[in-house]
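A.B. asks: The lines below spell out each chain.
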Amino acid sequence: MPLGPEALQAVWLTLQLATLTTLVLLLIATPLAWWLSQTESWWKGPVGAFVTLPLVLPPSVLGFYLLVAMGPAGPLGQFTQAMGWGLLSFTFTGLVIGSVVFSMPFAVQPLQHAFESMGRRPMEVAATLRASPLDAFFTVALPQARTGLLTAAILSFAHTVGEFGVVLMIGGNIPGKTRVVSTQIYGHVEAMEYAQAHWLAGGMVLFSFVVLLCLALLKNRGSRVLP
Amino acid sequence: MKNSEVVVKRFLLSLAACLTVAVSAHAGEVSVAVAANFTAPMQKIARLFEQDTGHKATLAFGSTGRFYAQIKNGAPFDLLLSADDETPAKLAKEGLAVDASRFTYAIGKLALWSKQPGLVDAQGQVLKSGTFDKIAVADPKLAPYGAAAVEVMTQLGVLNTLRPKFVQGENIAQTHQFVATQNAQLGFVALSQVMAEGRLVEGSVWAVPATLYSPLRQDAVLLSKGQGNTAAAALLQYLKGDKARAVIRGYGYEH
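So the protein sequences, as listed, match chains A and B. For the first sequence, position 153 (counting from the first letter as 1) is numbered 153 according to this note's numbering, and the numbering increases by one without interruption. For the second sequence, position 167 (counting from the first letter as 1) is numbered 167 according to this note's numbering, and the numbering increases by one without interruption.
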């Protein structure tokens, strides 16, 4: 067996983290992307820029500020302590929160794009047919944006799997709790265990290739289906 | 005609030779890979070295394991200041470093540190009382200071009770960060990280007695890439000198 129990544990944890992060992201990003696509408010610019920030910031910057924010003196840390939840750093929940922040633009942007390219017409038609805005959103907008939704889900999942800097900074490298594939690979390289590193790293390359291939196929199919 | 040509040629040659010597003697540059725990003292030593010799030292900080991988793959470092004595020996054996140049530049001291004043007592009893949630330890597989910390906890018979409270930094710098941001109440760090000019900078500390762990010998070595670099040779020499020793001791290392 080329992958030991520790590596398999890291793979399993990574899949759990990526799944949960994707679900949370879709719940948050869908209304956010919808609002960004529809609003003419002055806030659209700043909010859009804020959501895109993780795309350009180095993960170490994000990870460091998350670590400080989650600490006992940080705003998040003070909140969680006041609620009696303790500190989020070095916990799986902390990793999920970090990953949601980190992967946010990868969920919001495809969705926003899908909603925008839909135009206003379908929603107006739905309104004249006396559909409530909420009803119209679920029966008209979401189905129309399904390719964007799928792209957002795939990208969020893949990006969380590949995440490294944030996990390194706030994770604490605890086996079975916060040690994911990317940090496991890093540890193997630093410990000069190159054979194990190759198995995991090669797996990541293969996984990423498959994801990108799926996205490309999806895009082709999407453009054939849509008029 | 012929004679003057020779004279000119000689003049040009000696000019070139002078320039080469001048360049290597005054504007030399050395690129150094430095173990993370030696960051602060090395920055200070590099400044003094530049003032005293005119050579410039470019420093890269990180974990010894990563430097090893990078050096094996052609990283352009002239010197390695390792966190252990095994990596320089290994590099020398593999023909990537000059064996004769190896020497111990510092002996590291382990410290149990908290940013909170009064949390860590002078005998390290806090480890037995366990009145904390998280204890930061450098990954014992990667960092010599982490391995030393595990040794100490084994000696004190608290390893198994404390293990569930471990959070692991990838190197000693990250471990320090966990404690400095108070995400972990206390942790095993290098004494050099919490001391400056011979004093504890903040919080509370237990300087772990050297009898509880094997010595953290930190060796320096000239890498093959740095052979013939006068600035590299000068820096190795400088590290053995009184000024550097004083700085190193001020950060709590033995020399």
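Derived from the structure by calculation, the hints contain no laboratory data. From a predicted model like this one, the values you see are computed outputs, not experimental measurements. Treat the hints loosely; a few may be bogus.
To be verified - Straight-line alpha carbon distances no greater than 30 Å define the calculated DSSO-like cross-link-like pairs of lysine-lysine that follow: (1) B/Lys243 / B/Lys128; (2) A/Lys177 / B/Lys90; (3) B/Lys128 / A/Lys177; (4) B/Lys240 / B/Lys225; (5) B/Lys72 / B/Lys165; (6) B/Lys128 / B/Lys72; (7) B/Lys225 / B/Lys72; (8) B/Lys165 / A/Lys177; (9) A/Lys219 / A/Lys44.
As the list claims (entries may be wrong) - Here's a subset of chain B near chain A, in silico, CB distances under 8 Å, partners left out: (10) Gly65; (11) Asp139; (12) Leu162; (13) Phe166; (14) Val167; (15) Gln168; (16) Glu170; (17) Gly250.
Ideal Cβ positions, reconstructed from N, Cα and C, are used throughout, including at glycine.
A.B. asks: State for each hint whether it applies.
C.D. replies: To see whether the hints hold, each was checked on the structure:
1. B/Lys243 / B/Lys128: violated, 40 Å
2. A/Lys177 / B/Lys90: violated, 34 Å
3. B/Lys128 / A/Lys177: Between B/Lys128 and A/Lys177 the Cα gap is close to 25 Å, so the pair holds against 30 Å.
4. B/Lys240 / B/Lys225: Answer holds: B/Lys240 to B/Lys225 is near 21 Å, not above 30 Å.
5. B/Lys72 / B/Lys165: violated, 36 Å
6. B/Lys128 / B/Lys72: With Cα atoms ~43 Å apart, B/Lys128 and B/Lys72 exceed 30 Å; violated.
7. B/Lys225 / B/Lys72: holds, 11 Å
8. B/Lys165 / A/Lys177: holds, 12 Å
9. A/Lys219 / A/Lys44: holds, 27 Å
10. Gly65: OK, holds: B/Gly65 within 8 Å of chain A, min 4 Å.
11. Asp139: holds, 6 Å
12. Leu162: violated, 13 Å
13. Phe166: holds, 7 Å
14. Val167: holds, 3 Å
15. Gln168: holds, 4 Å
16. Glu170: Nearest chain A Cβ about 6 Å off; hint holds.
17. Gly250: violated, 28 Å
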